[in-house]
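Trainee: Line by line, the protein sequences give chains C and V.
Our numbering puts the first residue of the first sequence at 1, with every later residue one more than the last.
Our numbering puts the first residue of the second sequence at 1, with every later residue one more than the last.
Computed footprint of chain V on chain C, listed as stretches where at least three residues anywhere in the stretch have a Cβ under 8 Å from a Cβ of chain V: (1) 14-25; (2) 110-122; (3) 126-133; (4) 199-211.
Calculated directly from the structure, the hints in this document are not laboratory data.
Since the model is a prediction, treat every value here as computed from it, not as a measurement.
Just so you know, even glycine gets a beta-carbon here, dropped at the ideal spot from N, CA and C.
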Amino acid sequence: MKTSVERQVVLPWNQVVRISFNSIKARFFRSLITTLTLTLAVAFVAFTWSSYDMLNAIWPHADKSLQDLIASSGYELTEKGFGSSPKDIWLAILSVLVCVVGIINAQLMAVTERFREIGTIKCLGALDSFVVRIFLLEAVYQGLLGGVSGSVLGVLVATLSLLWKFGFAVVYSWPFQQMLSTIGWASGLAVFLSLIGVIYPALVAAKMQPAVALRAEE
Amino acid sequence: MYRDETHNVVRLSEVTKVFRMGTNKVEALKGVDLTIKTGEYLSIMGPSGSGKSTLFNMIGALDKPTSGRVFIDEVDVAQLDAYELAWLRCRKIGYIFQTFNLIQVMTAIENVTLPMVFAGMNRDEYTEKGMDLLKIVGLAERYHHKPSELSGGQQQRVAIARSLANDPAIVLADEPTGNLDLTTGEEIIFLLKQLSKERGVTIISATHDVKMLNVSDRVVWIRDGRIDRIEDRDKLKISIGEVA
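Construct the entire structure; sequences and hints are all you get.
Mentor: Take a look at the structure:
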């Protein structure tokens, strides 16, 4: 019998991707709650941004009566267009801040729930880095799902509400490229926020002695 | 695997463990010396709170002792880095728990093959071996069931199959019958005994189940963080009267 101890192999990424994908698929409804926090926050940010984008697109083509209607609806026009007033920027920052707190809370709960599972897989030979990678990947999936669904929802609601207020002028000058880029960066923001939320609990969980993790209540 | 009577698979030397709970210090282990030979079926007996589970965690390299040394296959566990420790837990030791601790979102076969995935085996190899192991514990036809679709006894069988995944030298069982009824518990004990005979695996189980005594080669009685006495099987018959 060999008495020497070897070093554990680091699992390749494709294995980690497979395991984390199956894991998130199996607890789809649980992770939907975390994802929903992201969806709502990103939807709000995307709604605000795409509303301003659309107004900026309509404004040059709008006749006097439509311009009056927009101005009387409470939108502030500055030299740089709509949406660059300090009030607008504060609103966006605050919504992101609230979202970060919500995400950290949701991820903390989701990881704490799985302490025992983490203890078990560490007994079976999982490295700390594997545990961290699993949680980071799951956070990326949640971020993508929440980000895309949230930003599409935000853009959709913004379009419909402006359509309701200002009529078909919105459709004629709908800024397709800007909308696409809003969906793009808002999804990126969601992935980033999701990662920010998960990184601390994932590190704590990975560093635990297996015995401590196994003692956790289920 | 062969039996080598002189080989010490586990050796503990003056192991202590202190837990801090706020300002309180709880001494769970107060200096334990223990040597376990290859192929032995050893039971650690003692009332709850005696330090049994703490001792189990020390032997399994799941927690660090406050002082003293733990050797597994004559390797000092404290000297190992994270990678070596993970390798040791993956290849040398199989774990069985009172609460089964199967991964709830994985099927029986996925649970059994997980240690082999960590060991770096390829898919064909681990699937085949996983099915063989499930056959040994009599659950081959339920390979696709999730733990929630299996009874307690069946879950523990899956856990036993999982513990054997990488042909470990030691199987550590923490109260393996604690959550099972009498007959199912007996079946599990019988299965463990059979595996220890056939495969020459060292089985160490922490328990307060008296049924375990009949199959054990040695029994370590632990009380209040210390080893009270160690009994060989031939002398055991006499003392069972005391227990019951």
